[in-house]
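Q: Listed below, chain by chain, are the residues.
Number of protein chains: 2
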Amino acid sequence: MDKSKKIIIAGSGLVGSLLGLRLLQRGFDVSLFESRADMRKENISAGRSINLALSHRGIRALKLAGVDEEILSNAIQMSGRMIHTLDGQLALQPYSTRPGEFINSISRRTLNIILMDAIEKIKPDAIHFKSKLIRVENDCQRFVIETEQKEIKSMENAILIGTDGAASVARKTLFELTPHLRFNYSQTFQNYGYKELTIPPGKDNTFVIEKNALHIWPRGNFMMIALPNPDATYTATLFLPYHGELSFDRLDTKKSIMEFYQTYFSDAVPLMPDLESEFFEHPTGHLYTVKCSPWHYEDKILLMGDAAHAIIPFYGQGMNCGFEDVFVFDELLNQHMSWNNLFESFSKLRKPNADAIADLAEDNFIEMRDKVADPVFQKKRQLEMNLEKKFPEYYSKYALVTFRPDISYYDAMVKGRKQDEFLMNLCADLNKEWGEKELDEIFNSMISQI
Amino acid sequence: MDKSKKIIIAGSGLVGSLLGLRLLQRGFDVSLFESRADMRKENISAGRSINLALSHRGIRALKLAGVDEEILSNAIQMSGRMIHTLDGQLALQPYSTRPGEFINSISRRTLNIILMDAIEKIKPDAIHFKSKLIRVENDCQRFVIETEQKEIKSMENAILIGTDGAASVARKTLFELTPHLRFNYSQTFQNYGYKELTIPPGKDNTFVIEKNALHIWPRGNFMMIALPNPDATYTATLFLPYHGELSFDRLDTKKSIMEFYQTYFSDAVPLMPDLESEFFEHPTGHLYTVKCSPWHYEDKILLMGDAAHAIIPFYGQGMNCGFEDVFVFDELLNQHMSWNNLFESFSKLRKPNADAIADLAEDNFIEMRDKVADPVFQKKRQLEMNLEKKFPEYYSKYALVTFRPDISYYDAMVKGRKQDEFLMNLCADLNKEWGEKELDEIFNSMISQI
Numbered sequence: 001m002d003k004s005k006k007i008i009i010a011g012s013g014l015v016g017s018l019l020g021l022r023l024l025q026r027g028f029d030v031s032l033f034e035s036r037a038d039m040r041k042e043n044i045s046a047g048r049s050i051n052l053a054l055s056h057r058g059i060r061a062l063k064l065a066g067v068d069e070e071i072l073s074n075a076i077q078m079s080g081r082m083i084h085t086l087d088g089q090l091a092l093q094p095y096s097t098r099p100g101e102f103i104n105s106i107s108r109r110t111l112n113i114i115l116m117d118a119i120e121k122i123k124p125d126a127i128h129f130k131s132k133l134i135r136v137e138n139d140c141q142r143f144v145i146e147t148e149q150k151e152i153k154s155m156e157n158a159i160l161i162g163t164d165g166a167a168s169v170a171r172k173t174l175f176e177l178t179p180h181l182r183f184n185y186s187q188t189f190q191n192y193g194y195k196e197l198t199i200p201p202g203k204d205n206t207f208v209i210e211k212n213a214l215h216i217w218p219r220g221n222f223m224m225i226a227l228p229n230p231d232a233t234y235t236a237t238l239f240l241p242y243h244g245e246l247s248f249d250r251l252d253t254k255k256s257i258m259e260f261y262q263t264y265f266s267d268a269v270p271l272m273p274d275l276e277s278e279f280f281e282h283p284t285g286h287l288y289t290v291k292c293s294p295w296h297y298e299d300k301i302l303l304m305g306d307a308a309h310a311i312i313p314f315y316g317q318g319m320n321c322g323f324e325d326v327f328v329f330d331e332l333l334n335q336h337m338s339w340n341n342l343f344e345s346f347s348k349l350r351k352p353n354a355d356a357i358a359d360l361a362e363d364n365f366i367e368m369r370d371k372v373a374d375p376v377f378q379k380k381r382q383l384e385m386n387l388e389k390k391f392p393e394y395y396s397k398y399a400l401v402t403f404r405p406d407i408s409y410y411d412a413m414v415k416g417r418k419q420d421e422f423l424m425n426l427c428a429d430l431n432k433e434w435g436e437k438e439l440d441e442i443f444n445s446m447i448s449q450i
Numbered sequence: 001m002d003k004s005k006k007i008i009i010a011g012s013g014l015v016g017s018l019l020g021l022r023l024l025q026r027g028f029d030v031s032l033f034e035s036r037a038d039m040r041k042e043n044i045s046a047g048r049s050i051n052l053a054l055s056h057r058g059i060r061a062l063k064l065a066g067v068d069e070e071i072l073s074n075a076i077q078m079s080g081r082m083i084h085t086l087d088g089q090l091a092l093q094p095y096s097t098r099p100g101e102f103i104n105s106i107s108r109r110t111l112n113i114i115l116m117d118a119i120e121k122i123k124p125d126a127i128h129f130k131s132k133l134i135r136v137e138n139d140c141q142r143f144v145i146e147t148e149q150k151e152i153k154s155m156e157n158a159i160l161i162g163t164d165g166a167a168s169v170a171r172k173t174l175f176e177l178t179p180h181l182r183f184n185y186s187q188t189f190q191n192y193g194y195k196e197l198t199i200p201p202g203k204d205n206t207f208v209i210e211k212n213a214l215h216i217w218p219r220g221n222f223m224m225i226a227l228p229n230p231d232a233t234y235t236a237t238l239f240l241p242y243h244g245e246l247s248f249d250r251l252d253t254k255k256s257i258m259e260f261y262q263t264y265f266s267d268a269v270p271l272m273p274d275l276e277s278e279f280f281e282h283p284t285g286h287l288y289t290v291k292c293s294p295w296h297y298e299d300k301i302l303l304m305g306d307a308a309h310a311i312i313p314f315y316g317q318g319m320n321c322g323f324e325d326v327f328v329f330d331e332l333l334n335q336h337m338s339w340n341n342l343f344e345s346f347s348k349l350r351k352p353n354a355d356a357i358a359d360l361a362e363d364n365f366i367e368m369r370d371k372v373a374d375p376v377f378q379k380k381r382q383l384e385m386n387l388e389k390k391f392p393e394y395y396s397k398y399a400l401v402t403f404r405p406d407i408s409y410y411d412a413m414v415k416g417r418k419q420d421e422f423l424m425n426l427c428a429d430l431n432k433e434w435g436e437k438e439l440d441e442i443f444n445s446m447i448s449q450i
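Respectively, the protein sequence lines represent chains A and B. Once you know that position 450 of the first sequence is 450 in this note's numbering, the rest is easy, because the numbers rise by one and skip nothing. Once you know that position 229 of the second sequence is 229 in this note's numbering, the rest is easy, because the numbers rise by one and skip nothing.
Please note that a few of the clues may not be correct.
[As the list claims (entries may be wrong)] List of simulated lysine-lysine pairs, DSBU-like, C-alpha gap at most 30 Å: (1) K6(B) / K150(B); (2) K300(B) / K63(B); (3) K172(B) / K195(A); (4) K3(B) / K418(A); (5) K195(B) / K172(A); (6) K291(A) / K351(B); (7) K371(A) / K351(B); (8) K351(A) / K371(A); (9) K371(B) / K300(B); (10) K195(B) / K3(B); (11) K172(B) / K150(A); (12) K6(A) / K150(A); (13) K172(A) / K63(B); (14) K153(B) / K132(B); (15) K3(B) / K172(A); (16) K432(A) / K418(A); (17) K351(A) / K415(B); (18) K172(A) / K203(A); (19) K300(B) / K172(A); (20) K195(B) / K211(B); (21) K211(B) / K172(A); (22) K150(B) / K195(B); (23) K348(A) / K415(A); (24) K291(A) / K150(B); (25) K132(A) / K203(A); (26) K172(A) / K172(B); (27) K390(B) / K351(B); (28) K291(B) / K348(A); (29) K371(A) / K348(A); (30) K371(A) / K379(B); (31) K172(A) / K130(B); (32) K437(B) / K418(B); (33) K132(A) / K348(B); (34) K437(B) / K291(A); (35) K150(A) / K132(A).
[Stated by the list, open to error] In silico negatives: residues of chain B with every beta carbon more than 12 Å from chain A: (36) P94; (37) K123; (38) K150; (39) R182; (40) E245.
It should be emphasised that the hints constitute simulated quantities derived from the structure, not laboratory data. Quick reminder that beta carbons are idealized off the backbone N, C-alpha and C, glycines included.
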């Protein structure tokens, strides 16, 4: 692989940092430009969400860079979903009956710091903070950076990899090559926003609800979730429509917020002493999907992570998908092709998978909101859990996506959807019950058909 | 309706000019800003395509502004499609058996000039050429214009209507309000480009092929069309993939162009003496669809025409749809609502119809390219033509879209697709033949079901 070109990485968030680390480990000349301040020195928000669910696809990529163990030692295992019903009942739905199949709550900040520290161990001045790509010139052969000191710096004989997130500036440069590049682009907003809130620790810094679970308060048209943090807090996130009867629009007074919470999340209210103030102080986040193609321009610019494929968070796969980008990119580097061929191969391999996880995440949001109350759907979930218990070789769509990095997102989607359709058809008759023998038959017939 | 606000129209192309004319007729304070020079004074291209097919929806809107007769007197009737087969055979497929149902070939330039002349009869200084919107300020309450003299002019207490085409600057201002506005946006490119070429007049300025037809050379994966002009020329347009075996990529020498034309359009070659030189001199145009929402921001900015919904040209409806925007906008003006409500109602009414014609145009491109050789499809076209002949009250999908402005694009799409499905099912059996009596039965069963 040609190492004469400098590699400019725009954005040292999660994907940019892991990519930078891996490329430095492989001996490339890497510089990262990050528009924010160094979060290790200044107290700034680490970005969109406070904590994230790290799972097998992400872990596989971290392992490649040798940082998986340190990162997992800072994470909290979540073995299943803890459902909080309207009347305060709890029900744990394990993610898997197989060992090792759990997801991990990790702080975005901790994860990013571990990655940046690892980069600076190899190249202390690799990351330039408060510095950003401002434009590209000369048919993308010159990249213009503004430094912390507001100096304008040009870099040539370089390639730019844009890992600067959903609002990517690198992507904007591709967009502006329209129509010459014929850049296909879509951004699609949900009619839902989200609000992050805190559940603080109990006495003596104890976890006030189950520690090793992802908590969900499903309420049909809206929901709250909460993920544990190592300091015994939880970050709760409310997903709610902007407009309508139950919406952010209507939650505009302390009274309306408390009434809403008392009605729909009564078991959470005593756990959230700062609810009223946080609700007003914290911003309402937007949920949107970005798809584009091509992801690259010749051998000059490539997009990765959210810059190429921002998705909504309902499969817990945004970060994992971005880390998997790095894993796939690294594999392609072993094949010694030209940068142009590498960028093309990368896009060709990853685009269908990025589209698949985007679509799965949208499906799952609808599923969580609208289907959770459907009796056929509930019966299907029950049947599926029975199948998973009895046949360890059976992977549900969720398990394929989450625990099987050896199967692509696209293949997981196709197989998972077929399985779902097969089981939903069986469950259309709500009175049917299946004994052990019938479960065998269902399983055998499913694997023979799918 | 509140007339205290100035109306700024960005772009005096076809839709902007018709809108400006109509609003001036209604007594509004209208100014148009056009980034190009005045085409009546300088010899500039009038834009994307040289001539266009004007049909009933467009004519209805022109009638409203009283310019339909003058415009139609400059148009050439096209009563049907003249199919040119590979071996040079000709077959005329009439658009309709009903009187008055033809489409009209009109020069974009002539049409635009008639509209601009009509504007200046009411307000001589209404159109500012070589002037353009460069940005909006102060939460879209100030519109900043750069004039021909490079002066910067601000306008307040105004509303901006963006009719500045597929690459709209007005739309960009909405885009940049993301994520605050949650602007949904997509641009989708075809893998096909187009090239405009000329068929000059014959001896004594005569039309060298049938005058009153839209000529089509369908070739499966690509095609050429030609529309007549009043000066006895035809504007031919070649639609061809960019890449692949038969593609613009491969037509890079005079020899390859001539060989390609001799093989696929042999009857056209003698009619196109400038083929070789024009092919290199004329640019290759791109084909893309733009969808977005919302089309407006509060009571400040509204998009119309291609700026809101650029479509590919395969239904001949891009201009007609834009003119229909003006017709609908005018109807809403009669309802005396606030600008904000008007913009909202306009978007609500028009967006499903703009999406429908965009989808219909994409369907039709696939139909023209890939289905034309399908025997079931051919049988269905034959059956449909028999039905149209026998039952004047039967409107095919094409006829609903083209000749029935009383039916929305959306309703035409839904009804047309149902009819198509119904007829395709009947034609699955290729050996079936239908006599007069069976045609009656088919027709009755279709109208009872759809």
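Q: Run every hint past the structure and note whether it holds.
A: Hints, verified against the model:
no.	hint	result
1	K6(B) / K150(B)	22 Å, holds
2	K300(B) / K63(B)	28 Å, holds
3	K172(B) / K195(A)	28 Å, holds
4	K3(B) / K418(A)	59 Å, violated
5	K195(B) / K172(A)	28 Å, holds
6	K291(A) / K351(B)	22 Å, holds
7	K371(A) / K351(B)	28 Å, holds
8	K351(A) / K371(A)	28 Å, holds
9	K371(B) / K300(B)	45 Å, violated
10	K195(B) / K3(B)	44 Å, violated
11	K172(B) / K150(A)	27 Å, holds
12	K6(A) / K150(A)	22 Å, holds
13	K172(A) / K63(B)	42 Å, violated
14	K153(B) / K132(B)	10 Å, holds
15	K3(B) / K172(A)	39 Å, violated
16	K432(A) / K418(A)	21 Å, holds
17	K351(A) / K415(B)	36 Å, violated
18	K172(A) / K203(A)	49 Å, violated
19	K300(B) / K172(A)	26 Å, holds
20	K195(B) / K211(B)	21 Å, holds
21	K211(B) / K172(A)	47 Å, violated
22	K150(B) / K195(B)	34 Å, violated
23	K348(A) / K415(A)	21 Å, holds
24	K291(A) / K150(B)	38 Å, violated
25	K132(A) / K203(A)	44 Å, violated
26	K172(A) / K172(B)	12 Å, holds
27	K390(B) / K351(B)	35 Å, violated
28	K291(B) / K348(A)	25 Å, holds
29	K371(A) / K348(A)	34 Å, violated
30	K371(A) / K379(B)	43 Å, violated
31	K172(A) / K130(B)	27 Å, holds
32	K437(B) / K418(B)	22 Å, holds
33	K132(A) / K348(B)	40 Å, violated
34	K437(B) / K291(A)	53 Å, violated
35	K150(A) / K132(A)	10 Å, holds
36	P94	36 Å, holds
37	K123	34 Å, holds
38	K150	23 Å, holds
39	R182	4 Å, violated
40	E245	20 Å, holds
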